[in-house]
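Protein chains: 2
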Amino acid sequence: MPTYTPPTKDQQFLLHDVLKISESDIPGYDELDRDFTAAVLEEAGKIAANVLQPLNTVGDTEGCTLENGVVRTPTGFKAAWDEMAQGGWMGLDAAPENGGQGMPHLVNTATGELFSSANMAFQMYVGLSHGAASALAVHGTDAQKQTYLPPIYDGRWSGTMNLTEPHCGTDLGLMRTKAEPQDDGSYKVTGQKIWISGGENDLVENIVHLVLAKTPDAPEGIKGVSLFVVPKFLVKDDGTLGERNSLSCGGLEEKMGIHGNATCVMNYDGATGWLVGDLHKGMRAMFTMMNEARLAVALQGYTQGEVAYQNALGFARDRLQGRDVTGTQNPDGPADPIIVHPDVRRNLLDQKSITEGGRALVYWGAQMIDRSQRMNDEDAEEMISLLIPVMKGFLTDKGFETTVLAQQTLGGSGFTKEWGLEQFVRDARIAMIYEGTNGIQSLDLVGRKLPSNGGKAIMAFFEMVRTFIKENEDNQALKEGFLDPLKTASKDLQAAGMYFMQEGMKNPLNALSGSYDFMHLFGHTVVGLMWAQMAKAAMEALDSGASDKEFYETKITTGRYYMARQLPMTATHLVRIQSGAEPVMALDAANF
Amino acid sequence: MPTYTPPTKDQQFLLHDVLKISESDIPGYDELDRDFTAAVLEEAGKIAANVLQPLNTVGDTEGCTLENGVVRTPTGFKAAWDEMAQGGWMGLDAAPENGGQGMPHLVNTATGELFSSANMAFQMYVGLSHGAASALAVHGTDAQKQTYLPPIYDGRWSGTMNLTEPHCGTDLGLMRTKAEPQDDGSYKVTGQKIWISGGENDLVENIVHLVLAKTPDAPEGIKGVSLFVVPKFLVKDDGTLGERNSLSCGGLEEKMGIHGNATCVMNYDGATGWLVGDLHKGMRAMFTMMNEARLAVALQGYTQGEVAYQNALGFARDRLQGRDVTGTQNPDGPADPIIVHPDVRRNLLDQKSITEGGRALVYWGAQMIDRSQRMNDEDAEEMISLLIPVMKGFLTDKGFETTVLAQQTLGGSGFTKEWGLEQFVRDARIAMIYEGTNGIQSLDLVGRKLPSNGGKAIMAFFEMVRTFIKENEDNQALKEGFLDPLKTASKDLQAAGMYFMQEGMKNPLNALSGSYDFMHLFGHTVVGLMWAQMAKAAMEALDSGASDKEFYETKITTGRYYMARQLPMTATHLVRIQSGAEPVMALDAANF
Numbered sequence: 066m067p068t069y070t071p072p073t074k075d076q077q078f079l080l081h082d083v084l085k086i087s088e089s090d091i092p093g094y095d096e097l098d099r100d101f102t103a104a105v106l107e108e109a110g111k112i113a114a115n116v117l118q119p120l121n122t123v124g125d126t127e128g129c130t131l132e133n134g135v136v137r138t139p140t141g142f143k144a145a146w147d148e149m150a151q152g153g154w155m156g157l158d159a160a161p162e163n164g165g166q167g168m169p170h171l172v173n174t175a176t177g178e179l180f181s182s183a184n185m186a187f188q189m190y191v192g193l194s195h196g197a198a199s200a201l202a203v204h205g206t207d208a209q210k211q212t213y214l215p216p217i218y219d220g221r222w223s224g225t226m227n228l229t230e231p232h233c234g235t236d237l238g239l240m241r242t243k244a245e246p247q248d249d250g251s252y253k254v255t256g257q258k259i260w261i262s263g264g265e266n267d268l269v270e271n272i273v274h275l276v277l278a279k280t281p282d283a284p285e286g287i288k289g290v291s292l293f294v295v296p297k298f299l300v301k302d303d304g305t306l307g308e309r310n311s312l313s314c315g316g317l318e319e320k321m322g323i324h325g326n327a328t329c330v331m332n333y334d335g336a337t338g339w340l341v342g343d344l345h346k347g348m349r350a351m352f353t354m355m356n357e358a359r360l361a362v363a364l365q366g367y368t369q370g371e372v373a374y375q376n377a378l379g380f381a382r383d384r385l386q387g388r389d390v391t392g393t394q395n396p397d398g399p400a401d402p403i404i405v406h407p408d409v410r411r412n413l414l415d416q417k418s419i420t421e422g423g424r425a426l427v428y429w430g431a432q433m434i435d436r437s438q439r440m441n442d443e444d445a446e447e448m449i450s451l452l453i454p455v456m457k458g459f460l461t462d463k464g465f466e467t468t469v470l471a472q473q474t475l476g477g478s479g480f481t482k483e484w485g486l487e488q489f490v491r492d493a494r495i496a497m498i499y500e501g502t503n504g505i506q507s508l509d510l511v512g513r514k515l516p517s518n519g520g521k522a523i524m525a526f527f528e529m530v531r532t533f534i535k536e537n538e539d540n541q542a543l544k545e546g547f548l549d550p551l552k553t554a555s556k557d558l559q560a561a562g563m564y565f566m567q568e569g570m571k572n573p574l575n576a577l578s579g580s581y582d583f584m585h586l587f588g589h590t591v592v593g594l595m596w597a598q599m600a601k602a603a604m605e606a607l608d609s610g611a612s613d614k615e616f617y618e619t620k621i622t623t624g625r626y627y628m629a630r631q632l633p634m635t636a637t638h639l640v641r642i643q644s645g646a647e648p649v650m651a652l653d654a655a656n657f
Numbered sequence: 066m067p068t069y070t071p072p073t074k075d076q077q078f079l080l081h082d083v084l085k086i087s088e089s090d091i092p093g094y095d096e097l098d099r100d101f102t103a104a105v106l107e108e109a110g111k112i113a114a115n116v117l118q119p120l121n122t123v124g125d126t127e128g129c130t131l132e133n134g135v136v137r138t139p140t141g142f143k144a145a146w147d148e149m150a151q152g153g154w155m156g157l158d159a160a161p162e163n164g165g166q167g168m169p170h171l172v173n174t175a176t177g178e179l180f181s182s183a184n185m186a187f188q189m190y191v192g193l194s195h196g197a198a199s200a201l202a203v204h205g206t207d208a209q210k211q212t213y214l215p216p217i218y219d220g221r222w223s224g225t226m227n228l229t230e231p232h233c234g235t236d237l238g239l240m241r242t243k244a245e246p247q248d249d250g251s252y253k254v255t256g257q258k259i260w261i262s263g264g265e266n267d268l269v270e271n272i273v274h275l276v277l278a279k280t281p282d283a284p285e286g287i288k289g290v291s292l293f294v295v296p297k298f299l300v301k302d303d304g305t306l307g308e309r310n311s312l313s314c315g316g317l318e319e320k321m322g323i324h325g326n327a328t329c330v331m332n333y334d335g336a337t338g339w340l341v342g343d344l345h346k347g348m349r350a351m352f353t354m355m356n357e358a359r360l361a362v363a364l365q366g367y368t369q370g371e372v373a374y375q376n377a378l379g380f381a382r383d384r385l386q387g388r389d390v391t392g393t394q395n396p397d398g399p400a401d402p403i404i405v406h407p408d409v410r411r412n413l414l415d416q417k418s419i420t421e422g423g424r425a426l427v428y429w430g431a432q433m434i435d436r437s438q439r440m441n442d443e444d445a446e447e448m449i450s451l452l453i454p455v456m457k458g459f460l461t462d463k464g465f466e467t468t469v470l471a472q473q474t475l476g477g478s479g480f481t482k483e484w485g486l487e488q489f490v491r492d493a494r495i496a497m498i499y500e501g502t503n504g505i506q507s508l509d510l511v512g513r514k515l516p517s518n519g520g521k522a523i524m525a526f527f528e529m530v531r532t533f534i535k536e537n538e539d540n541q542a543l544k545e546g547f548l549d550p551l552k553t554a555s556k557d558l559q560a561a562g563m564y565f566m567q568e569g570m571k572n573p574l575n576a577l578s579g580s581y582d583f584m585h586l587f588g589h590t591v592v593g594l595m596w597a598q599m600a601k602a603a604m605e606a607l608d609s610g611a612s613d614k615e616f617y618e619t620k621i622t623t624g625r626y627y628m629a630r631q632l633p634m635t636a637t638h639l640v641r642i643q644s645g646a647e648p649v650m651a652l653d654a655a656n657f
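Quick note, the sequences are listed as chains X and P, same order. Residues in the first sequence are numbered from 66 upward in steps of one, following my numbering. Residues in the second sequence are numbered from 66 upward in steps of one, following my numbering.
The shape of chain X in the complex, shown without the other chains (with noise of 0.2 Å):
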C-alpha cells in the first residue's frame, strides 16, 4: 500500500524563503507569516494523510456506480467530504461575503497540493465544484451568488462545469445544447453533455450545474454560446430545495484511471436554467475561469509525481539488490539498497528535480493570480495568461512522466495493484487530457498568448531572466551551476521566438508545427528560472546561519541536476521547431 507524507517542509520553504509572502505587497499577504501557514498546512496536512490518502486505492477498486440514476461514490467519500466541508477548506480562497474564508489563493493551491497529492479523484469533487463557484462569483447576479455560493463554500452542494457534447470537444461552436427563453425570465435548456465530473453523486443535497448551450436567435459558432446555471433541484425563495429539475444522469464512463470521480452522461430534458453573464459571451465567461482551472490541472501533474516519488524513494531505501561498485554500503546485509546505484539515482533525480521545480512554477502562478485578482495588476495577468498554457502543458505531461519513472523504480514491483504505483500513472494521465489537451494548451500559446498585446509577456518574461542573472552574477556559486545555464536556455527560448515571428509571417504552420515543443522549451526554460530562484535563496539561507543546512544544500544539490541534465532539452526542442512545417506537412492524409 503506498504512503503519503505532506512536503510541508519544501512549501514553507517556497512560500517564505523563495516567494517571501508575508513581505509582499499583495493585500492579505502581509498575514501569512511562517507560523499562520505552518498551521494551515499542518491542518490540511493531516486530512490529507488521514483522510484522503487512505481512501485513494478504495476509490480506485471500487469505482463510482450508478443505479436508477443515483451515483454512488466509494466507501468513505461522503465522510471525508463532510470533514473537508466542516473544516471550511471547500471555499478557503473565496470571498468572506460569498461564505469563504478570504484566504490567498496561493494558500488555497498549497492546501489543494496535499489534497490532490493525497486522492486526486475525491479533490477532483472539490476543485470543480471551486471551479463553478469561481465563475458564479465572478459573472452571476447578486441573487444567483446568494443563492448558490454559501451552500457550495459550505460543502452542502457541489457545482459542475458542461461544455464538451459528444461531437465537440475542442470545437465548442459545433455546440447542439438549446436553451429556449422562457416568459419569467428563464431557460429551458435540452440537450447531452459528456464527461461531466461529479456531474451526479451522494456526496451532497444539490448540484450546481453550470452548462453552456445556445439560444435560438444566437450567432453562429462560438459568438452564440451563453452560459446558465442549472440546479439538479431547483432553489426556492428561502434557500430550501424546491422540485427535481428535468435532468439526469444518462451514464457513467469507465475510464484509465480517477476511478473515485463520476465522469457522466448529463442529459438536460428542457431543464431550467438561467443565464449567468451576458447573453452569447458564455465563452468569455469560462475564459475568465480559465487561468485558474488550468493551473489546478498543472498542480495536479506534480502532484501526482509527488506521491509517486516518495513511494519511489522508499522502495529504493528498502529494496537489496546488487552492490555499490564503488564499495560495499550495507555489509551486514545480504546487498546494499537500489539507491547506491547510479541509474536509480538517475530515475529518483529526474522526479525529485521536475516535482520541486513543478510545485515553485504553480506557487508561483498562484501568487500571480492573487496579485492580478487582488490589485488589479494588469502585467500579472498577462504574465499569468502567458504561462498558463506552459504549466498546464509542460507540468501535465511531466508528471506524467514522473509517475512512470517512479513506477520504473519499482521494476516488477510497480507494475502490480499491490504496491500502488500503477494507479498515479492511470490517475495522472488525465490531467494532460482535459481543460484542453495539451496539444490545444501549445496552440493557445503560440497561437494566441506568444503574439497578445505585441508579445509585451514574452518579453516581459525574458526581462525577467535577464534581471535575475544580471543582479546575481557576481555569485560565482550560482553562476557556474544556474546562472550560465538559464541563459543558454534563454536564449534558445528567444532563438525559437524569432524563428515564429520571421518564418510564421511567411507561412503559419511553420509556427504551428513547433507548437508542442515551444511550449516544452519554455517549461524547461521557466522551471530553469524557478531553479535558479531556488537556489539563491537556499544559498542566502545557509549564508543566515539557518540551522537546517542539509534542507537547503539539497535544495541547491537538486537544482544542479536540473540545470546539467534536464535544462539541455531546450537544444532539441529549439533544433525541431526550426526544422519547420515542412517534415510535418509533407505528408498526405491519405498516405499516414
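Keep in mind that the hints are not guaranteed to be accurate.
[Stated by the list, open to error] Taking beta-carbon pairs under 10 Å as the criterion, some of the chain X residues facing chain P (in silico): (1) Thr229; (2) Ile404; (3) Arg411; (4) Gln472; (5) Glu487; (6) Asn503; (7) Pro648.
Hint data in this document are derived by calculation from the structure and do not stem from the laboratory. None of these values were measured; they are calculated from a predicted model. We put the beta carbon where it would ideally sit given N, CA and C, even for glycine.
Given chain X, work out where chain P should sit, using these hints.
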C-alpha cells in the same frame, strides 16, 4: 472498439526491398521469396485479425482467475490457442527434428509481430513456451528434447521460465530455491518463484517449467545457480502423463495490464526436476536465450505502438473539429478532420516514424540471430549481443511513448475504456520492466557489451555506418535528408563512447551515470541508420519504376521526418552523458 489491420505491405518492404532476404547467404533464406512470405504473413494475419484481436478486450476485461489451484484464462483463449497450434505456428522456427517447421527466426519474428499487435497478453503464452523450448533445444539432453519439445511445438504443452523470487529479481545471486539431488539422478526442487507468466493455465495438458535453483553444495551467489526442468505432470517413458508433480500456483498478481496473461506465484514443494545443461551453469543457459527473449520484448514495444497508431490514425481521419488554418478541407462538413492540424500530424508522425523504424531494427536483429545460429557467424553474434539491450530498452520505452501519443490523439476518448487505446498503454508498460528492466539493459550495454572484446562490436557498428554513408554520398536526395543527420548522430554516439573510455577509466560512475542516455543515444542512431537504409531501398524501388509510387514516397517522407525531428535528441543525450557522475552522485542517499 479498436481495430487492427496487419501491415503486410510494410513487412514485405522490409523483408524484400530492404533486407533482400531471398538473396541472402543464410541457409534457408533462399526459399523466402516474395510470394512465400506473402502467403505466410497472410495466413498469420488472418489469425491475428480475426481470432486474436477480437479477444484482446475480452482478455483485458475478464482477466484470469485462480480457483482450487486451477487458472482459467479468458473466454476464447483456449479455442484460439488450439487454432494457433493446428496451424503449426508454435514451432514455426523450431528444428524439424524437434517437431518444428524449420523456418528462419526472422519469419517467426514477422508472424509474431502480428500476433503480438493483435493480442499481446495471449501471445505471451506462445512466446514464453517458445523461449522455454529454445533453452531446452540448446541445453537439454537428447532425451529431454525428445520428451518435451514435440508436445510444446504442437501446442499440447506449454513452457515457463522461473527466475524471480520475492526478495530477488535483478540480483539472482540471492536466490533461495533449492534443488536437492536424489539417488535416481533427479532433484527435489523447493522454493517460491514469482511473476511466472502462464505458470498455470487451462490451455494445455502439461506445463514444462524451467526453474533456476541452487544445489546444496553450490558456490555462493550467481555462480551457484543451476537450471532444472520441472514438469507439472511427470512424463512416462512412452510420453504419456504420469503423476502430478509437487508444485502449484499459489496466487495471481493483480496488475496494471496484460490481464489476459496469468502472472503466477509458483510454489515448488520438493517437486521432481532434472538438471538442464551443466551444474552451476544455469545463468549461462539462460543467457543463451537472452538475445531471442529480449528481441521478443523489443518487438512487443513497437507492436503495441503499431496497433495504437492505427487506431489513432482512424480517429484523426474521422473526427471533425476546427478548420485547417490554410483553408477549409471539408466544406460540406461542420468542421475538418483533425488530421489537417499540424500538431495532430506531429503527434501521428512521431508514432509512425518510431514504429516503422522499430520494426526495421527488430527484423534486422532477427536476421542477425539467424546468421549467428545458422552460420555460426561470430561477427553477427557480437553485433546482435551489442544491440539487444538497445533494442529492448529503447524500443520498449519508445513503444510505450507511442501508445501514450496515440491515446493523446483521441483526446478524452483516449482515456475511456470504450475506445481501447488505454489498454495498449497499460499493456505496453510491462515491456519496459520485464526481461531485465530498461535500467538493467543500459547497464548491460555500457558495463558489459560496449567494452566486450576490446570494443570490437561498437567499432564494427561505426564502420557499418561510415561505409553506408560513403557508399551513398553521391545520392544527393539521400545525403541531405538522411546521411548528414546520420553522420551527426553517429558522431554524438562516438563522442559518448569516447567520454566513457576516458572518464569511465578514472571513475566508473562517470559511465554508469550516463548509461540510460547512452542506450537512447544509440537507439536513435541505429534507428536513424534503419531509416537511411529504408529510404535508399524506397528510392531504388522508385527508380526501377515500382508501381506503388505513393507507398515508397511515403517511406521517404516518414524517414525524413524521423531524421529531422527525432534524431536530434542525440545531442541532448550526449550533453547529459558528458555532465558525468557529479550531478547524479552528489546527493547523499539520506537527503533524497
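### Message
The hint names proline 648 of chain X as touching chain P; please verify it with the least Cβ-Cβ distance against 10 Å.
### Response
Holds, about 4 Å.
#### Entry: Satisfaction of the glutamine 472 of chain X interface hint, Cβ to chain P closer than 10 Å
8 Å, holds
### Message
Given a cut of 10 Å on the nearest C-beta pair, is the interface hint for arginine 411 of chain X held or broken against chain P?
### Response
5 Å, holds
### Status of the hint placing threonine 229 of chain X at chain P (closest C-beta pair under 10 Å)
7 Å, holds
#### Entry: Cut-off 10 Å, beta-carbon criterion: hint that glutamate 487 of chain X touches chain P
4 Å, holds
### Query
Can isoleucine 404 of chain X be said to touch chain P, with a Cβ gap under 10 Å?
5 Å, holds
### Task
Grab the minimum C-beta distance from asparagine 503 of chain X to chain P and call the hint holds if it beats 10 Å, violated otherwise.
7 Å, holds
When held up to the earlier numbered hints, the structure conflicts with none and fits them all.
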